[in-house]
Amino acid sequence: MGLLQKHLGQLEAYSGIRRAGADPFQVAFDAVLSPTEGLINGKRVILLGTNNYLGLTFDQESVEASVEAVRRWGTGTTGSRIANGSYGAHTQLEQSLASFYGRKHAMVFTTGYQANLGVLSALVGRGDHLILDADSHASIYDGARLGHAEVIRFRHNDPEDLYKRLRRLEGQPGDRLIVVEGIYSMMGDVAPLREMVEVKKETGAYLLVDEAHSMGVLGEKGRGLAEAAGVEEDVDFIVGTFSKSLGAIGGFCVSDADDFDILRVVSRPYMFTASLPPAVVASTLKSLEKVEADGALRAQLMANAERLHAGLNALGFTTGPKASPIVAVVMPDLPTALSMWNGLLAGGVYLNLALPPATPNNRPLLRSSVSAAHTPEQIDEVLAIFEWVGREFGVLPSLDQRAAG
Amino acid sequence: MGEVVADLTVREIARAAETVLGQPVVLTPATDIARDLAVDSLALMNIVMELEDKFDLSIPLDRMALVQTVGDLASLIDELRTKA
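If you read the protein sequences in the order shown, they are chains A and B. For the first sequence, numbering that gives the first Met the number 0 assigns the number 0 to the initial residue and increments by one for each residue that follows. For the second sequence, numbering that gives the first Met the number 0 assigns the number 0 to the initial residue and increments by one for each residue that follows.
Keep in mind that the hints are not guaranteed to be accurate.
[Claimed, not checked] A short list of chain A residues far from chain B (calculated; beta carbon distances all over 12 Å):
(1) G78
(2) E231
(3) F271
(4) D379
(5) E380
[Unchecked claim] No farther apart than 20 Å at their CA atoms in a straight line, the calculated lysine to aspartate or glutamate pairs in the EDC-like style are these:
(6) A:K220 <-> A:E288
(7) B:K82 <-> A:E169
(8) A:K103 <-> A:E231
(9) A:K163 <-> B:E49
(10) A:K103 <-> A:D260
(11) A:K289 <-> A:E63
(12) B:K53 <-> A:E169
(13) B:K53 <-> A:D160
(14) B:K53 <-> A:E159
(15) A:K103 <-> A:D255
(16) A:K103 <-> A:D257
(17) A:K289 <-> A:E219
(18) A:K5 <-> B:D52
(19) A:K289 <-> A:E93
(20) A:K103 <-> A:E232
(21) A:K200 <-> A:D160
(22) A:K321 <-> A:D188
(23) B:K53 <-> B:D71
(24) A:K200 <-> A:E159
(25) A:K5 <-> B:D35
(26) A:K163 <-> B:D52
(27) A:K289 <-> A:E67
(28) A:K5 <-> B:D55
(29) B:K82 <-> A:D127
(30) A:K163 <-> B:D55
(31) A:K200 <-> A:D174
(32) B:K53 <-> A:D157
(33) A:K289 <-> A:E60
(34) A:K200 <-> A:D141
Calculated directly from the structure, the hints in this document are not laboratory data. Every residue gets a Cβ at the ideal spot worked out from N, C-alpha and C, and that includes glycine.
Make a model of the complete structure from these sequences and hints.
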């Protein structure tokens, strides 16, 4: 008997997954050759599960900016900004983010996860109400627990359900904060933000949008769903990350709220974490410039997403309804999902195996994320491997069956 | 009277669990939700959502921290209904 005994259920489930082949949660790369190719056990694989939407991880200027920063400022800050102070680049990044979003204030966190923890726990507290989309990311749920607000979930992407739940709170004291995501990380679907804004206005709530997967991806200027939906003025807080389209790590929040900077001394996930290393801040600044300046990257990303989405649907796979940089293929059950995931990896495609309860509707998913850096030939190769593996494991009818039918 | 109310609430919890889990569910006030029903955190939150709609009330998730059995959940619902 040990402390870890309580996880026996998970241990058994995990062992079962590992017996099926490679360990999907401990994939190790011998090398990463480019934003779209890596080496696993000496074999070249196409990277289709890295959230590297704009392919900026190997952008020459971003890499050079990082190298210069590490030489000038060292490898790390070795402490939090309230204790060890800020480097010039931290402040510069916050100014650039505020200017990118046209907001008065910006604040940078060490990870995207911590941005949600730090913002949600500080914006609402005991006696307030946090209204979350049911399919919210774990960082939103964890932020909700850290802040002691009363937490209510509404049905995924359902403005009427949101309205109903806010109406139930009528007459109760406390502020209300609605939290939605620009693009949901599992199925790649988008929040009906205009309708959500109507509900927010009618009920006097505040609105926070997590643009982790939509920053640099949606909107003419890449500011995300709020820009694309034309409702930026009605979104009170935007949270996002540097670890996807910007190709680094870190999180942020922007807002026009008065006294925003008080968050710096009340938000514990901000106060008690070492700040981002200079090299990370430098590449993020450079990549943010690219996001602002280079709309062609977004157009290429969407073209690639549509190619993959249309191709998978034409083959007969079940995906989300619309093309998005996240394309998830729904699997009928866990054994099939494991066989397919291992088959794809052996065939040269690396993507994410996503399992319940992290997935909606209790279904396993093969989750892929497309990059602007993928070539059409790579997408076609992925589709060919998907077709072969799908027929091998009975997700698609075999060619003989199809001919007979 | 209190017991009758609790029985009806337990019955509604069973119905909500059946909706979410998609299978028949047998439970009593002593049923341990995580252990006996094999309900994970997400399924439990979905059951709570069904119950909110059934009783037209808010069941804040933070109040679920102390809920272990079906009886605990029924008491919480009855308490929230009395307050509403």
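Consistency of the hints with the structure:
| no. | hint | verdict |
| --- | --- | --- |
| 1 | G78 | holds (32 Å) |
| 2 | E231 | holds (30 Å) |
| 3 | F271 | holds (23 Å) |
| 4 | D379 | holds (36 Å) |
| 5 | E380 | holds (35 Å) |
| 6 | A:K220 <-> A:E288 | holds (11 Å) |
| 7 | B:K82 <-> A:E169 | holds (14 Å) |
| 8 | A:K103 <-> A:E231 | holds (13 Å) |
| 9 | A:K163 <-> B:E49 | holds (13 Å) |
| 10 | A:K103 <-> A:D260 | holds (11 Å) |
| 11 | A:K289 <-> A:E63 | holds (14 Å) |
| 12 | B:K53 <-> A:E169 | holds (18 Å) |
| 13 | B:K53 <-> A:D160 | holds (13 Å) |
| 14 | B:K53 <-> A:E159 | holds (16 Å) |
| 15 | A:K103 <-> A:D255 | holds (5 Å) |
| 16 | A:K103 <-> A:D257 | holds (9 Å) |
| 17 | A:K289 <-> A:E219 | holds (13 Å) |
| 18 | A:K5 <-> B:D52 | violated (33 Å) |
| 19 | A:K289 <-> A:E93 | holds (16 Å) |
| 20 | A:K103 <-> A:E232 | holds (12 Å) |
| 21 | A:K200 <-> A:D160 | holds (15 Å) |
| 22 | A:K321 <-> A:D188 | holds (7 Å) |
| 23 | B:K53 <-> B:D71 | holds (18 Å) |
| 24 | A:K200 <-> A:E159 | holds (14 Å) |
| 25 | A:K5 <-> B:D35 | holds (15 Å) |
| 26 | A:K163 <-> B:D52 | holds (9 Å) |
| 27 | A:K289 <-> A:E67 | holds (18 Å) |
| 28 | A:K5 <-> B:D55 | violated (36 Å) |
| 29 | B:K82 <-> A:D127 | holds (18 Å) |
| 30 | A:K163 <-> B:D55 | holds (9 Å) |
| 31 | A:K200 <-> A:D174 | holds (13 Å) |
| 32 | B:K53 <-> A:D157 | holds (18 Å) |
| 33 | A:K289 <-> A:E60 | holds (10 Å) |
| 34 | A:K200 <-> A:D141 | violated (26 Å) |
Going down the numbered hints, you'll see the structure goes against 18, 28, 34, while the others check out.
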